[in-house]
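Single-letter residue listing:
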Amino acid sequence: MKIKRLLAIGAVVTASALVLAGCAPGGGSEVVSGTAISAAQNGAMTSMNALTATGYSTYNSNISYMFQSTFNYYDNTPKLVKNTKFGSYSVVSKSPLTIKYTINDGVKWSDGTPVNASDMLLAWASSISKNNKGTVNFGSINAGSGTDLITKTPTFSDNDRSMTVIYDQPYVDWEPLTALNPNLPAHIVWEEAGIDKKTGTDAQKALVSAIQNNNTAELAKVAKAWNHDWNFTATPTDKKLLVVDGPYKVTQLTKQYVTLVANPDYTWGPKPKVEKITVRFIPDQTAQVQALQNGEISVLYGQATADTVKALQGLKGIESTTSATATFEHVDLTFNNGGPFDPKTYGGDAAKALAVRQAFFKVVPRQEMLDRLIKPLSSTAKLDDSSLFIPGQPGYDQAAANNGSSDYQTVDVAAAKALLAKAGVTTPVTVRFAYANDNPRRQGEFQLIQASAKAAGFNVTDVGKPTDQFFDPEVGIGSGKYDYDATVFAYQLTSSTVTQSEANTTTGNAYNYQGYSNPQVDALWKQAKVATSGAAAIPLQQKIDAYLWKDASTLTLFQLPDVSAWSSKLSNVKDAPYSPNIFWNFFDWTVTK
Amino acid sequence: MLSFIARRFVASLAVLLVASYLVYVLAASSGDPLSDLRQSSLPNKQTLIEQRTALLHLDVPPFLRYFVWLGGVLGAFVGQFNLGDTLDGQHVSDLLGNAMGSTLQLVTGSLLIGIVIGVTLGIVTALRQYSGFDYTVTFISFLFFSLPIFWIAVMLKQFGAIGFNNFLANPRVSVPAIIILSLLSGVMWMGIVGGNGRRRLTTFLVAAAAAAIVLVYITLTGWLDNPSLGPVVTTGLSAGAAVIVTVLSTGWANKRSRCTALTVAGLGLVLYYPLHALFEQFSIINIFTVIALIILFAALGGVTGWVWGGLDRWQSVRTGAITGVVVALILLLDRFLASWNIYFTQVANGRPIGTIGASTPDLVGSFWVTGIDSFTHLVLPTVALILASLAGYSRYARASLLEVMNQDYIRTARAKGLTERTVVMRHAFRNALIPITTVIALDFGALISGAIVTENVFAWSGMGALFNQALNKVDLNPIMGFFLVTAIAAITFNFLADILYSALDPRIRVSA
Chain L
1 MKIKRLLAIG AVVTASALVL AGCAPGGGSE VVSGTAISAA QNGAMTSMNA LTATGYSTYN
61 SNISYMFQST FNYYDNTPKL VKNTKFGSYS VVSKSPLTIK YTINDGVKWS DGTPVNASDM
121 LLAWASSISK NNKGTVNFGS INAGSGTDLI TKTPTFSDND RSMTVIYDQP YVDWEPLTAL
181 NPNLPAHIVW EEAGIDKKTG TDAQKALVSA IQNNNTAELA KVAKAWNHDW NFTATPTDKK
241 LLVVDGPYKV TQLTKQYVTL VANPDYTWGP KPKVEKITVR FIPDQTAQVQ ALQNGEISVL
301 YGQATADTVK ALQGLKGIES TTSATATFEH VDLTFNNGGP FDPKTYGGDA AKALAVRQAF
361 FKVVPRQEML DRLIKPLSST AKLDDSSLFI PGQPGYDQAA ANNGSSDYQT VDVAAAKALL
421 AKAGVTTPVT VRFAYANDNP RRQGEFQLIQ ASAKAAGFNV TDVGKPTDQF FDPEVGIGSG
481 KYDYDATVFA YQLTSSTVTQ SEANTTTGNA YNYQGYSNPQ VDALWKQAKV ATSGAAAIPL
541 QQKIDAYLWK DASTLTLFQL PDVSAWSSKL SNVKDAPYSP NIFWNFFDWT VTK
Chain H
1001 MLSFIARRFV ASLAVLLVAS YLVYVLAASS GDPLSDLRQS SLPNKQTLIE QRTALLHLDV
1061 PPFLRYFVWL GGVLGAFVGQ FNLGDTLDGQ HVSDLLGNAM GSTLQLVTGS LLIGIVIGVT
1121 LGIVTALRQY SGFDYTVTFI SFLFFSLPIF WIAVMLKQFG AIGFNNFLAN PRVSVPAIII
1181 LSLLSGVMWM GIVGGNGRRR LTTFLVAAAA AAIVLVYITL TGWLDNPSLG PVVTTGLSAG
1241 AAVIVTVLST GWANKRSRCT ALTVAGLGLV LYYPLHALFE QFSIINIFTV IALIILFAAL
1301 GGVTGWVWGG LDRWQSVRTG AITGVVVALI LLLDRFLASW NIYFTQVANG RPIGTIGAST
1361 PDLVGSFWVT GIDSFTHLVL PTVALILASL AGYSRYARAS LLEVMNQDYI RTARAKGLTE
1421 RTVVMRHAFR NALIPITTVI ALDFGALISG AIVTENVFAW SGMGALFNQA LNKVDLNPIM
1481 GFFLVTAIAA ITFNFLADIL YSALDPRIRV SA
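As they're listed, the protein sequences go chains L and H. The first sequence maps to residues 1 to 593 in this note's numbering. The second sequence maps to residues 1001 to 1512 in this note's numbering.
One or more of the hints may lead you astray.
Residues from chain H shown here face chain L by an in silico Cβ test under 8 angstroms; the list is partial [claimed, not checked]:
#1 N1044
#2 T1047
#3 Q1051
#4 D1088
#5 V1154
#6 A1161
#7 F1458
Using 27 angstroms as the maximum straight-line C-alpha spacing, the simulated DSS-like pairs for lysine-lysine come out as follows [unchecked claim]:
#8 L:K224 / H:K1045
#9 L:K130 / H:K1045
#10 L:K316 / L:K375
#11 L:K133 / H:K1416
#12 H:K1473 / L:K152
#13 H:K1473 / L:K224
#14 H:K1473 / L:K481
#15 H:K1045 / L:K526
#16 H:K1045 / L:K133
#17 L:K108 / L:K82
#18 H:K1045 / L:K529
#19 H:K1045 / L:K481
#20 H:K1045 / L:K465
#21 L:K574 / L:K543
#22 L:K85 / L:K100
#23 L:K273 / L:K198
#24 L:K550 / L:K417
#25 L:K221 / H:K1045
#26 L:K198 / L:K239
Simulated from the structure, these hints should not be mistaken for laboratory data. Positions of the beta carbon are idealized from the N, C-alpha and C atoms, including for glycine.
Throw the hints in and build the complete structure from the sequences for me.
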């Protein structure tokens, strides 16, 4: 009985539901959204201060590049481009080297406070060694670099918009050295330090006087704030930390992405055309390619691998290129181990050792290595013919034409044999070859060299080690306990500074792993370091480069390629050799629907 | 019991100490945390090396550096808990909190669904032992078990995300696809239901026809463009669920229980419009109100069962409560689908299924839209994890049930004339669950350690990613933080598994 009643009720309810079915509830306005370009990078942003030792990573630098303003930046040539809308710098005097930096009127932090000399002074104070140890410890990546040569506290002028610095001795790399760019807002650093309640320009002045008077008690707190307060992996609740002076502002940060929204006040530099850029953190390259294919990201870049390059080819609506990076492979010979390339082996006969080195380089199959290992990834790749310049960089072309690299373009077994015969060395000559043997590219390089050198009478033996041991300070290439005569690895250049290659080639330097020594090179480095500008140092660098080739100490092979890909809806995406790589011209990116 | 717990606790602590020391020393000797600086060509790299050495106490040999770390952990007793910093200057304790949250989000769903599907498959295959269905399921589950998960993940992305999203641009199922899918459905159900030739044929025809009808309907009406259930389908599904719950819970013959379940399904229909009005109040609808709603429905079902009463009142209450939960879930599904079109067009730009991350960046929306967003981002990693874990659960469940089914008391139960449902569900299934419980308890412990490969492929920043990245950089503090959490979870759940076992199976005592 009950069942029947129930069924009846059910029938009525169902019938009425059917009648009402025509007006099922709708959704309404549920979404608040904006348009965005989404790019990918391999790792997460962990700090808005990319100049601390802990925050110094490509991933932080990429993002910083988009929310900071700088006096200059590298384009994809790579050449240093000045941003005169932001400010200018000029050499006031060459002796002592005096530079005046001026920030233009109207440049301001996103909270309205003007960007001025106080911000540059903080940048200087944070990067000198004195303030990077003991009680005052900024923990800056620039500690111990060229700013240490500015020992006198810089002076202000032009209503605190200009700062003049005096170098104690000439310093060639003052221009690409970005340590004096305003990095963090001085007034916010002061406020975060919590010394008093001053804000805005008052805080700037307070910080300036603390630096000028070297008030270590206050500077210790300032340094602590500078070093720690900008390290976060989620949007901070303290919005002051998000005050920036660049084209974009950070609006949201999570462990998986960071969102940058155009700074409406920004007029002091190339103005970006895209309202919002989201950078997503995707460690796996295959995942990046699939995300690009699925429309979740629009731009990706990274080290070119056969898998990625192949996966990107032929994808609809996606463009991809490969380009050379500032990381290059080179073969180094050891001069001081009693091996075949050491004059000591031949009773100090330098000419004999030189002939053996030259003979070995004659049979290093550079072109074949390029064709077999790099061309499949990047069909436009070329040999790198200079040890100090990368192709495209000012000075490279002339260096490559005159440094003697033309002698080593192709394998010349006959010439190698002739050199060995002239030297009177008995073959086979055993060459112990060190390389990172868990790296397939290096394995390939070793095998090609081994096969090619055999014809000339070199017996190349394998003393490779896994990457971590290869670079290990206790047993690796710098340790002095790793016995090898030749090795291959890569150097990465991070800027066009002159001095960065000095350590590898000067006599007795700890980073001169091969024991190379040439008094002329040492003397030239001394001159180059004190040249008045990067341009003035180029002829000196070219001479050094020529010596390196003439002495057959190091043989550059090729630059490692990067791959970049983007949705066809995007225009003007280009990769650049130096960090921030693909992001270098983010302000040119445009989206078409 | 107490002495057992105390002894276990002390022993666990000792194991933890020794293991952490071993892990610390092993991880420290796995590489060089300064290698990136050593390879750099920066002029001031000596200074940078010194800075990092000071930050991480690298001048102290690992054998002793461990005690620096241990000191930070033991600081917990004086209120100064410190797990140290990472290479990039983050506090490990903060990172762990974040990472655990996203790992739980990723793994919990797949674990629960994996258990339900795995155990169900195990039971069905055990009941249909050595049938074609049994062999097929075994083959497929072992196939997924043996495939590397990164490969499964890449394939899922290719077909489940990129392919499916392309398909959604014009969601029409082709005729050959309809035929193949219908035949597959027919074969699958035929295998599950079993029986004699005539029954098999009927099952095959019904299942194939049902699948064909649904697929043709979807294709002809373009249902996938704007999917919705509406009150009629919602009620139909609820009624179907009521039937299934009744059959499994008490058997269809139990009239009170049957009526309870159907009443609850009817209640769902009666409440359909009021609930939808409530669902539109975006300001009050969040995960908590929705969970409260599900609990409310369970309670409502329970009360309904109580009112219907019957010989064994609690049976009706149970059936009502379970049906209530299922009906609530169906109603929620209906509401989520109503927002699908908005999500599809305005948030996802026509490509809903995601391949990376936990959510669409910067999405601000109602609970329904963000819920769909979580779903579209979770679905692939969840499926990948389920496929990989299916074999384990289904084989355990199958073996366990087969063993129980051969016990004397099952024969006795059959001999005294109980229905096969009662024998399987009440006497066999419950006892078969005891060994599985311990497996599941251990899996819950392992859950917190995350899924290293899956997290990497799907760009989730959980525990697995934390560990992986730290190990690559030889960053000891996060490795140890990870170890601490994982080890404590493993020890705790091992312990719980032991206690649970003795609670479920009176033959086992822990006082030994």
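So, going through the hints one by one against the coordinates:
| no. | hint | in the structure |
| --- | --- | --- |
| 1 | N1044 | 4 angstroms, holds |
| 2 | T1047 | 3 angstroms, holds |
| 3 | Q1051 | 4 angstroms, holds |
| 4 | D1088 | 5 angstroms, holds |
| 5 | V1154 | 6 angstroms, holds |
| 6 | A1161 | 5 angstroms, holds |
| 7 | F1458 | 7 angstroms, holds |
| 8 | L:K224 / H:K1045 | 22 angstroms, holds |
| 9 | L:K130 / H:K1045 | 16 angstroms, holds |
| 10 | L:K316 / L:K375 | 23 angstroms, holds |
| 11 | L:K133 / H:K1416 | 86 angstroms, violated |
| 12 | H:K1473 / L:K152 | 39 angstroms, violated |
| 13 | H:K1473 / L:K224 | 25 angstroms, holds |
| 14 | H:K1473 / L:K481 | 24 angstroms, holds |
| 15 | H:K1045 / L:K526 | 20 angstroms, holds |
| 16 | H:K1045 / L:K133 | 15 angstroms, holds |
| 17 | L:K108 / L:K82 | 19 angstroms, holds |
| 18 | H:K1045 / L:K529 | 18 angstroms, holds |
| 19 | H:K1045 / L:K481 | 22 angstroms, holds |
| 20 | H:K1045 / L:K465 | 24 angstroms, holds |
| 21 | L:K574 / L:K543 | 33 angstroms, violated |
| 22 | L:K85 / L:K100 | 16 angstroms, holds |
| 23 | L:K273 / L:K198 | 36 angstroms, violated |
| 24 | L:K550 / L:K417 | 18 angstroms, holds |
| 25 | L:K221 / H:K1045 | 26 angstroms, holds |
| 26 | L:K198 / L:K239 | 17 angstroms, holds |
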